Structure formats: C-alpha cells, structure tokens
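Asks: Chains as they are written, first to last, in this note's numbering: chain C, 1 to 236; chain A, 237 to 464; chain E, 465 to 890.
Keep in mind that a hint or two might mislead.
[To be verified] Label pairs and their in silico Cβ distance ranges:
| no. | chain 1 | residue 1 | chain 2 | residue 2 | range |
| --- | --- | --- | --- | --- | --- |
| 1 | E | M506 | A | S315 | 17 to 27 Å |
| 2 | E | M506 | A | P376 | 50 to 60 Å |
| 3 | A | S315 | C | T155 | 41 to 51 Å |
[Stated by the list, open to error] Facing chain E, a subset of chain A residues (Cβ under 10 Å, in silico):
| no. | residue |
| --- | --- |
| 4 | S358 |
| 5 | F411 |
| 6 | A415 |
[What the hints assert, rightly or not] As a list, the in silico DMTMM-like pairs of lysine to aspartate or glutamate whose alpha-carbon atoms are at most 20 Å apart:
| no. | chain 1 | residue 1 | chain 2 | residue 2 |
| --- | --- | --- | --- | --- |
| 7 | C | K139 | C | E73 |
| 8 | C | K115 | E | D708 |
| 9 | C | K139 | E | D538 |
| 10 | E | K638 | A | D303 |
| 11 | C | K139 | E | E867 |
| 12 | C | K139 | E | D708 |
| 13 | E | K638 | E | E591 |
| 14 | C | K115 | C | D80 |
| 15 | E | K845 | C | D87 |
| 16 | C | K115 | C | D180 |
| 17 | A | K347 | A | E433 |
| 18 | C | K70 | C | E36 |
| 19 | C | K115 | E | D675 |
| 20 | E | K809 | E | D786 |
| 21 | C | K115 | E | E738 |
Derived by calculation from the structure, the hints in this document are not laboratory data.
What you are looking at is a predicted structure, and each value in this text was computed from that prediction instead of being measured.
Every residue, glycine too, gets a C-beta built ideally from N, C-alpha and C.
Now for the letters of each chain:
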Amino acid sequence: MADKKDSAGLDAVDAGPVSSDVSGEHHAGNEGDASEHASVAALRERFADAVVRHRVYSGGQHVVWIAPEKSHEILAWLRDDPDHRYDMMSDVTAVDYGNGRPVNMVYQMYSTVHKRELRLRCELPLDALEIDSVVDLWKVADWLEREVFDLFGVTFNGHPDLRRILMPADYAEGHPLRKDFPLRGRFSRAEQTRRALNQDVERFYRAEDLSAGRAPQEVAPVEVGTLASDDAEGDA
Amino acid sequence: MGLKDILPGGGISATTGGIFGAGGPTFLTSKVDWIVNWGRRNSLWPMPFGTACCAIEMMASAASNFDLARFGMERMSFSPRQADVLICAGRVPYKLAPVLRRVWDQMPQPKWCISMGACASSGGVFDVYSMVQGIDTIIPVDVYIPGCPPRPEGLIYGLMMIQEKIRQESLSRHFEHRAEDPTLVARPLASDFEVAELSGPFGNSTQQEQLSSGEAVRVGPGSDDPLA
Amino acid sequence: MAQKTIELEVGRGREMGVDGNPSLSPIAPFDIVEPDMNTEHMLINIGPQHPATHGVLRLVCELDGETVKRVVPDIGYLHSSFEKLGEYRTWNQIVPLTDRMDYLAPLIYNCAYVMAVEQLMGIEVTERCKVVRVILMELDRIFGHLLWLGTTAIDVGAFTPFLYSFQERERIYKMHESLTGARITTSATRVGGMMADLPEGWTDQLREFLDTFPNTLAEVHQLLTGNQIHIGRTQGIGIINGEDAINYGFTGPNLRATGIDYDVRRDRPYYDYETYDFEIPVGEHGDCYDRYLCRMEEMQQSVGILRQALDRLPDGPINVADPSISLPSKTDAMSDMESMIHHFKVITDGIPAPEGDCYFAVEGSKGELGMYLVAEEGDTKPVRWRIRPPSFVNLSVIAKLAEGHLVSDLIMINASLDIVLGEIDR
Numbered sequence: 001m002a003d004k005k006d007s008a009g010l011d012a013v014d015a016g017p018v019s020s021d022v023s024g025e026h027h028a029g030n031e032g033d034a035s036e037h038a039s040v041a042a043l044r045e046r047f048a049d050a051v052v053r054h055r056v057y058s059g060g061q062h063v064v065w066i067a068p069e070k071s072h073e074i075l076a077w078l079r080d081d082p083d084h085r086y087d088m089m090s091d092v093t094a095v096d097y098g099n100g101r102p103v104n105m106v107y108q109m110y111s112t113v114h115k116r117e118l119r120l121r122c123e124l125p126l127d128a129l130e131i132d133s134v135v136d137l138w139k140v141a142d143w144l145e146r147e148v149f150d151l152f153g154v155t156f157n158g159h160p161d162l163r164r165i166l167m168p169a170d171y172a173e174g175h176p177l178r179k180d181f182p183l184r185g186r187f188s189r190a191e192q193t194r195r196a197l198n199q200d201v202e203r204f205y206r207a208e209d210l211s212a213g214r215a216p217q218e219v220a221p222v223e224v225g226t227l228a229s230d231d232a233e234g235d236a
Numbered sequence: 237m238g239l240k241d242i243l244p245g246g247g248i249s250a251t252t253g254g255i256f257g258a259g260g261p262t263f264l265t266s267k268v269d270w271i272v273n274w275g276r277r278n279s280l281w282p283m284p285f286g287t288a289c290c291a292i293e294m295m296a297s298a299a300s301n302f303d304l305a306r307f308g309m310e311r312m313s314f315s316p317r318q319a320d321v322l323i324c325a326g327r328v329p330y331k332l333a334p335v336l337r338r339v340w341d342q343m344p345q346p347k348w349c350i351s352m353g354a355c356a357s358s359g360g361v362f363d364v365y366s367m368v369q370g371i372d373t374i375i376p377v378d379v380y381i382p383g384c385p386p387r388p389e390g391l392i393y394g395l396m397m398i399q400e401k402i403r404q405e406s407l408s409r410h411f412e413h414r415a416e417d418p419t420l421v422a423r424p425l426a427s428d429f430e431v432a433e434l435s436g437p438f439g440n441s442t443q444q445e446q447l448s449s450g451e452a453v454r455v456g457p458g459s460d461d462p463l464a
Numbered sequence: 465m466a467q468k469t470i471e472l473e474v475g476r477g478r479e480m481g482v483d484g485n486p487s488l489s490p491i492a493p494f495d496i497v498e499p500d501m502n503t504e505h506m507l508i509n510i511g512p513q514h515p516a517t518h519g520v521l522r523l524v525c526e527l528d529g530e531t532v533k534r535v536v537p538d539i540g541y542l543h544s545s546f547e548k549l550g551e552y553r554t555w556n557q558i559v560p561l562t563d564r565m566d567y568l569a570p571l572i573y574n575c576a577y578v579m580a581v582e583q584l585m586g587i588e589v590t591e592r593c594k595v596v597r598v599i600l601m602e603l604d605r606i607f608g609h610l611l612w613l614g615t616t617a618i619d620v621g622a623f624t625p626f627l628y629s630f631q632e633r634e635r636i637y638k639m640h641e642s643l644t645g646a647r648i649t650t651s652a653t654r655v656g657g658m659m660a661d662l663p664e665g666w667t668d669q670l671r672e673f674l675d676t677f678p679n680t681l682a683e684v685h686q687l688l689t690g691n692q693i694h695i696g697r698t699q700g701i702g703i704i705n706g707e708d709a710i711n712y713g714f715t716g717p718n719l720r721a722t723g724i725d726y727d728v729r730r731d732r733p734y735y736d737y738e739t740y741d742f743e744i745p746v747g748e749h750g751d752c753y754d755r756y757l758c759r760m761e762e763m764q765q766s767v768g769i770l771r772q773a774l775d776r777l778p779d780g781p782i783n784v785a786d787p788s789i790s791l792p793s794k795t796d797a798m799s800d801m802e803s804m805i806h807h808f809k810v811i812t813d814g815i816p817a818p819e820g821d822c823y824f825a826v827e828g829s830k831g832e833l834g835m836y837l838v839a840e841e842g843d844t845k846p847v848r849w850r851i852r853p854p855s856f857v858n859l860s861v862i863a864k865l866a867e868g869h870l871v872s873d874l875i876m877i878n879a880s881l882d883i884v885l886g887e888i889d890r
C-alpha cells in the first residue's frame with residue numbers, strides 16, 4: 001500500500017469527465033427563436049450588445065448568455081420591469097466545464113406574475129472569477145452566492161457576508177466543485193483527520209461568528225502541529 | 237500460621253487472586269459482576285448521534301413498532317453526560333468530526349459506541365473529500381452495524397451485541413475495560429498510519445483496484461510519503 | 465378540471481387579537497420599563513448535536529436574556545458532496561444518491577431527478593409510468609409530512625403524535641419495501657421508467673392505507689389543532705409576509721402559509737397534474753400555525769390525489785420501449801444476442817445525452833425541488849448536477865424570522881420550516 005507507483009492513472013481517474021469539445025464553439029446548436037419567449041425578445045432589443053447567445057434546450061427551456069459586466073443591470077431590469085417581473089430567483093449556481101473553459105454562472109428565474117421561467121448564464125474567465133452580487137435584488141441570493149463562492153471560488157462584489165458556508169471556514173484544500181479538484185481532496189486522509197480535529201475548540205463559541213461582513217480571507221490560519229509538508233494551501 | 241501457610245500456593249491461586257479477585261473472578265466478584273452487568277445492560281441510555289438516514293431508522297426503532305423501550309433504552313439521552321452508549325447513526329463529515337470526538341469525550345465511563353450504518357463504519361458511498369472514512373478513526377467503536385440504512389432489527393441486534401459485550405465484563409478487569417487515555421482527548425483515535433489503512437479503498441471494483449495497486453492513499457501535494 | 469384554492473378559517477385563541485398578534489393580558493407585564501442594568505448579550509450555541517435541530521444544524525444565537533437578538537445558522541455538518549459524486553457516475557448510477565439527500569421523502573427525489581434527465585434527453589415515459597410516479601410522489605409527500613408532524617409535535621411537547629405518525633410511516637415503509645426492497649433508500653426510478661413495476665397487491669395495500677390514514681390524521685387534529693398549548697406556541701410566531709417570502713426564496717407550504725398560492729404542481733404542471741382534482745391550502749398569517757395547518761391539509765389533499773391516481777392507473781409497459789435507454793428484460797437478455805448487447809451497453813456505457821442543460825422543478829414535500837443538469841453532446845455522465853434544495857433556501861430565512869422571539873420560539877420556527885439537513889448540506 002505504500003507503493004510509490006506512478007499515479008498518472010489516478011489523476012485521470014480523479015480528473016472526472018473530460019469535456020469533449022476543447023476548442024471552437026462550445027455551445028453548438030442553433031440560435032433559439034427569440035419570438036417564442038417574451039423576455040428573450042425584450043432582452044435582445046434592449047440589451048442587444050450584452051446578449052452573447054441564446055439557445056433553447058431540453059424541449060423548450062430558453063437560456064440566454066449575457067455579459068457579466070451587465071449582469072446586475074439586466075437582472076434588476078428583469079425583476080422590476082412590469083412586463084417581465086421575475087420576482088422569484090429559483091437558483092443561483094455555477095458550472096465548471098474544466099479544461100480552461102470559463103466558469104458559467106447560472107441564474108434560474110421565475111415570474112409568479114407572468115408564469116414564465118428564464119435561465120441566464122454569464123461566462124467568467126478563470127483569471128477573473130468575479131461578478132456583481134444580486135443580494136440587493138433577491139435576498140435568496142445571500143446563501144446561494146455563498147455556496148458558489150465556497151464550492152467554485154467565484155467572488156461576488158457587494159455581497160454583505162461572503163464566507164464559506166458548507167466547508168469549514170478555514171478549509172485549505174481549495175474549492176471542491178472545480179474540475180481540477182480531486183474527488184478525495186488534495187490532502188491525505190490522515191492529514192484531513194488531523195486538520196479536522198485540530199480545530200480550535202473555542203471556534204464553536206466565538207463572537208466573530210455572528211458578525212457579517214467579515215472578509216473570507218481573514219480567517220486565522222490553523223496550526224496543525226506535526227505537519228510534514230506545509231505547502232498544502234490549495235487555492236483557498 | 238495463617239491460611240497463607242496452609243493453602244497451596246500461599247492462598248493465591250494461579251488464576252484467581254484471592255477472594256476479591258485481583259486478576260481473576262472469584263465467587264464473590266462473579267455474583268457482583270452479574271448484578272452490575274445485568275443492571276448496566278438492561279438500562280443502557282443511548283446517546284443518539286444521528287446525522288442522516290440512519291437516524292430516521294433509529295427513530296423508527298424507538299417508535300412503537302420496533303420499540304427500544306423493551307430493552308430499557310427508550311430514554312434517549314441527548315446530553316452525553318448522562319449517556320451510556322453512543323449510537324453514531326449516519327455519515328460524519330470532517331466538519332462534524334471534532335463535535336463527535338467532543339461528545340464522546342464528554343461521556344463518562346462506562347461507555348460503549350455503536351457505529352450504525354455503512355457511512356459511519358467506513359464512509360459508505362461517500363469516498364469524498366469531506367467525509368470521514370469510518371468513525372473508528374476518531375473514536376473507539378464497539379459494534380459496527382452494516383446496512384444503508386440498517387433495518388431497525390439490525391440496530392436492535394447491534395444493541396444486543398453491546399449487551400452481550402457487557403455480559404462478558406468483570407469488575408476485576410475494571411481498569412482494562414474502562415481504560416481511556418486522557419491525552420487522547422480531542423485527538424483522533426487512530427494514528428496516521430491507521431487512518432491510511434482504515435480509509436484506504438477496499439473491495440474489488442475496477443477503480444479501487446487501480447487505486448490499491450498504485451498509491452492507495454492520496455497524499456498532500458509535493459509529497460511522496462503517504463503518511464505525510 | 466376543478467381546482468380552487470381554499471383559505472382555511474380557523475378560530476384563533478381568545479388571547480389572540482384580531483390581527484393575529486397576541487393581545488396584551490393584564491397579568492403579563494408587557495409594559496414594565498426595563499431597569500437600566502449593565503447587561504451583555506449572551507452567546508449561545510445550539511447544536512450541531514441537539515435533539516431539536518432536526519439534524520446536524522448549528523444555530524449560533526446572540527441572546528438578550530431569553531430574547532433572540534440575532535441567530536446565525538451554521539451548516540455544512542453533513543456535507544457529502546453529492547454534486548461532485550454525480551459527476552463521476554452515469555445517469556442511472558446517480559439515482560441511489562438521490563435517496564440519501566432527502567431521506568424523509570426519497571421517492572420524490574428519485575422521481576424529480578429522472579424527470580429532469582428525461583426532459584434533457586427528450587424522453588417521453590409511458591402513461592403507466594407517469595401515473596405510478598405521481599402515486600409515489602404523493603405517497604412520499606404524506607411520508608415526509610408525517611415525520612415533520614411527529615418531530616414538530618415533540619418540539620412543542622406532545623409525544624403522542626410522534627408515535628402515531630411513526631406508526632403510519634411504518635405502513636408506508638412496508639409499501640416502500642414491497643416495491644423496492646428498501647425502506648428508506650428506495651432508488652425506485654430509472655431513466656425512462658422504473659426499476660420495477662408495482663408488485664401484485666401493492667395497490668390494494670395502498671388503498672387500505674388510504675382508507676385508514678385519514679382517521680389517524682383526524683386523531684392528531686384533535687390532539688393538536690385546537691390545543692391551547694400548541695396554539696400559544698405557534699400562533700403569531702415567525703411571521704413573514706408574502707412579498708418578502710418570495711424575495712427570500714420561500715417555496716412550498718412555507719410560502720403558501722403567507723397567502724401566496726404558488727404550487728409547482730399547478731403553475732408548472734407535470735405528469736397531467738392539471739387533470740387531477742385537488743385543492744391547494746393557502747394560509748393567511750404566515751406564522752407557524754398556518755404552516756402547520758397547510759401541511760395537515762396537504763396530507764388530506766394527497767390522499768385525494770392518490771385515490772384518483774389509483775383509479776386511473778392504466779395497464780401497459782412501465783418502461784420506455786427504447787432499448788438504448790431501458791434495460792431489456794432478463795429473459796430477453798439471456799436468450800437474445802441483441803438484447804444482451806443493449807443490456808451491456810446501457811450498463812457499462814450509459815445513455816448518451818444531447819448537449820444542453822435542463823432545470824426541472826417539482827413540488828417536493830418541503831418546497832420547490834429543482835434539478836439542474838448540464839451535459840455535453842454524447843455525455844453519459846453529467847458535467848454538472850445541481851440540486852436546488854428547498855430546505856437550504858427555507859433555512860436561510862430563519863435569521864429574519866426569529867429575531868425578537870424567545871429561544872423556545874426559535875425552536876418552533878425551526879420545526880415549522882420542515883428542513884432536512886441532508887438536502888441542505890448535500
């Protein structure tokens with residue numbers, strides 16, 4: 001078991017599914033028919049330069065890619081304009097395709113007034129994983145964006161309380177749902193066990209846990225005692 | 237001229253150590269043992285450390301159809317200070333591991349531990365970055381109950397095994413039974429090597445074959461040593 | 465199609481004012497001026513191991529005496545990375561994972577997931593399969609609500625409804641077991657159909673359950689609905705208005721208790737729900753009591769839907785006839801070469817998906833359960849599997865709901881939200 005054989009095969013195993021189309025047009029398929037969806041038609045008209053593409057998938061689900069710089073403006077308009085009135089933000093999530101492809105932010109919206117749903121996506125290049133937060137528009141985005149930050153590493157400008165939500169606050173292995181993150185984590189099990197149990201006992205009762213607005217990088221580093229290799233910071 | 241001079245071996249038998257049995261059971265201690273063990277095993281207060289699906293089966297065991305009350309276990313003690321047996325029912329991620337260790341440390345002796353379900357025993361379906369691959373790396377486990385989730389009958393069988401274990405105990409081996417290392421408080425039970433062994437993949441699936449024929453343990457970046 | 469939303473008129477306790485807020489009693493010293501003491505707020509930690517948090521949830525509370533000034537829920541104590549695991553499994557291999565997320569109503573998750581895959585791939589399931597899935601989803605809606613009922617009753621101090629609801633759940637467990645072999649982790653569905661058709665006598669078992677279940681529900685109504693202790697602990701607690709509720713992402717009975725009648729079954733119908741005759745209970749005050757009433761009535765309505773579904777259950781195949789999607793029968797696979805090849809390919813390769821993504825929402829027992837799948841052309845595994853968990857979003861509102869209430873009210877609010885940590889932490 002302590003064999004030090006070449007682990008190249010393991011990396012392939014851990015790499016997960018490889019995207020089949022590495023270059024060229026990733027979202028093949030034809031441009032969707034904007035006239036079928038009132039909001040898409042209005043978007044194309046009003047924000048023509050910000051709409052990157054429009055597809056229809058899965059038997060009638062309209063997906064519009066928009067430029068991330070205009071995302072807040074477009075989403076605010078979609079929420080407030082009486083013809084569209086997307087008052088319910090069903091989901092805020094992200095998709096990492098791997099292989100250097102941009103991370104896609106996904107906004108799934110529903111209008112209880114007009115009974116319409118719409119999906120907006122923004123492509124974020126890997127070296128600029130940030131986008132404006134929509135917490136001021138929909139309070140539900142608070143935790144949903146925190147989860148995207150935790151699992152993908154996307155920073156949300158203007159989020160009142162951007163910290164990790166599912167992983168421990170001082171999780172040092174990185175952002176788990178990225179494709180380059182191995183399934184079993186970057187540390188050995190022994191290391192993970194040690195880090196888990198070396199957590200400061202008083203952290204369970206700290207007053208800082210209540211204060212919002214604490215920047216995510218301000219968490220105190222964890223002393224792990226007999227750590228053989230200390231270069232295991234990941235990209236937290 | 238006392239008993240010591242008349243009896244062979246000076247009154248201390250080879251297996252027993254005198255009437256109160258330092259080192260072995262005697263007539264008196266076996267009766268006391270029997271009473272103590274009877275009392276302990278029939279009034280176990282479980283500490284339900286229920287996390288996921290197994291916790292629902294644990295609740296079903298406590299409900300009227302399977303009824304833990306006939307074993308004296310209906311008083312689920314949610315305070316570890318008043319509990320006897322910790323039933324860890326469900327998967328335990330690393331974030332929850334210190335909580336589990338702390339709850340275990342807070343339980344006074346005599347205490348036993350049941351690892352209920354596949355996830356608590358070995359990580360189960362979840363061989364992932366966030367899941368403890370078996371709580372026996374963190375706390376000492378007495379009985380493992382397989383299943384995903386185990387039926388309430390399985391949990392009851394596991395509890396009966398704990399009762400059987402208690403039946404075998406003896407006051408003369410008190411220090412052996414109740415041994416607990418105070419320096420291990422809030423520390424994992426298993427050493428790094430044991431964690432690597434216990435968490436390593438097993439079975440005969442193709443992926444696990446690849447992993448066990450190569451490096452069985454994922455190491456930290458830049459390190460060859462699987463025990464880093 | 466006869467659907468109307470009914471609004472429940474329940475007499476509120478005499479101590480309640482007209483607006484649903486407690487009217488001041490001359491005995492309780494509401495108008496005493498607090499003496500100016502130099503006090504600090506206490507920091508109390510509830511959980512993650514706690515009987516009343518319904519799972520491994522940690523609530524960090526800042527208290528002024530007994531009043532909650534701020535509560536911050538801390539989750540992640542059950543994070544099992546289902547979404548990442550899904551990326552390593554073929555479409556059918558993900559089905560067993562779905563049981564373990566919402567372990568209180570596993571069939572809803574099973575169905576919702578394969579419905580999303582089928583939407584992505586453009587597969588139309590057979591009529592029998594549609595009705596069977598409606599039956600299983602409604603049965604598990606009752607199943608999930610029963611557990612909520614039992615544990616909420618314990619939180620309010622009533623132990624008996626817990627035993628009653630678990631006894632009813634045992635009957636549903638038996639039905640799960642005769643259908644799939646497992647009590648909780650059912651994994652009953654597959655892409656294009658079901659793991660197996662309903663066994664002999666299953667529908668009779670269900671009819672028997674439906675005949676006697678409403679009696680138990682009536683008994684619990686008698687115990688809780690008019691009970692002054694229960695009313696005192698739930699009325700006026702954790703109020704939220706409809707507009708805020710939508711903005712905060714509430715769905716399901718939590719949202720309907722505020723007066724907004726949004727139900728995925730009616731507004732974005734699937735599997736012919738618009739042809740079933742049922743009513744959607746809508747509350748008025750948005751407090752814990754209304755949430756309780758909504759769920760109790762929903763169980764009653766589910767019984768009605770189940771009876772209708774049983775009556776219209778058609779004969780016919782349960783799986784899609786396409787051999788590249790559904791497994792052939794064992795007899796065929798063992799005797800016919802082509803069937804064996806199909807069997808082999810479906811199991812080892814999987815089912816290739818078209819390029820695209822799909823968001824499919826169903827009305828789960830906790831709220832709007834959304835499954836979001838992303839695939840590239842020909843993928844047999846998803847690029848991304850995202851679950852939009854209703855409890856995750858519902859729990860995030862607790863900070864707003866519990867401010868100003870007492871600690872015991874915080875427990876009640878937590879119970880009334882009906883959360884399941886498995887789907888929150890995924």
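Asks: State for each hint whether it applies.
Replies: Verification of the hints:
Checked against the hint of 17 to 27 Å, the pair E:M506 and A:S315 passes, with Cβ atoms roughly 20 Å apart. One distance hint, 50 to 60 Å for the beta-carbon pair E:M506 and A:P376, is violated here, with the actual separation near 35 Å. Distance hint check: the CB atoms of A:S315 and C:T155 are about 42 Å apart, consistent with the given range 41 to 51 Å. With a least beta-carbon distance of about 14 Å to chain E, the hint placing A:S358 at the interface is violated under the 10 Å criterion.
Annotation: A:F411 was flagged as interfacial toward chain E, and the flag is violated, the nearest CB pair being 30 Å apart, outside 10 Å. Evaluation of the A:A415 hint against chain E yields a violated restraint, the C-beta minimum of about 25 Å exceeding 10 Å. Between C:K139 and C:E73 the alpha-carbon distance is near 16 Å, which keeps this suggested pair within the 20 Å criterion. The hinted pair formed by C:K115 and E:D708 meets the criterion: a straight-line CA distance of about 19 Å does not exceed 20 Å.
Only pairs whose Cα atoms come within 20 Å are accepted, and C:K139 paired with E:D538 is accepted, the gap being roughly 18 Å. At most 20 Å may separate the alpha-carbon atoms for a hinted pair to count; E:K638 and A:D303 meet this at roughly 17 Å. Proximity of C:K139 to E:E867 is assessed by CA-CA distance (about 16 Å); at most 20 Å being required, the pair is judged to hold. In summary, the hint linking C:K139 to E:D708 is supported, as the alpha carbons are separated by about 9 Å, within the 20 Å threshold.
Distance check on the hinted pair: E:K638 and E:E591 sit about 25 Å apart at the alpha-carbon level, beyond 20 Å; violated. Only pairs whose Cα atoms come within 20 Å are accepted, and C:K115 paired with C:D80 is accepted, the gap being roughly 15 Å. Pair hint E:K845 plus C:D87 does not hold up; C-alpha atoms about 33 Å apart against a cutoff of 20 Å. With a C-alpha separation of about 39 Å, the suggested pairing of C:K115 with C:D180 is violated against the 20 Å cut-off.
Only pairs whose Cα atoms come within 20 Å are accepted, and A:K347 paired with A:E433 is rejected, the gap being roughly 26 Å. A threshold of 20 Å between alpha carbons decides the hint, and for C:K70 with C:E36 the separation of about 24 Å lies outside it, so the pair is violated. Restraint check for C:K115 and E:D675: not satisfied, since their Cα atoms lie roughly 36 Å apart, outside the 20 Å limit. About 13 Å separates the Cα atoms of E:K809 and E:D786, which keeps this hinted pair within 20 Å; it holds.
Using a Cα cut-off of 20 Å, the hinted pair C:K115 and E:E738 holds, with the two alpha carbons roughly 15 Å apart.
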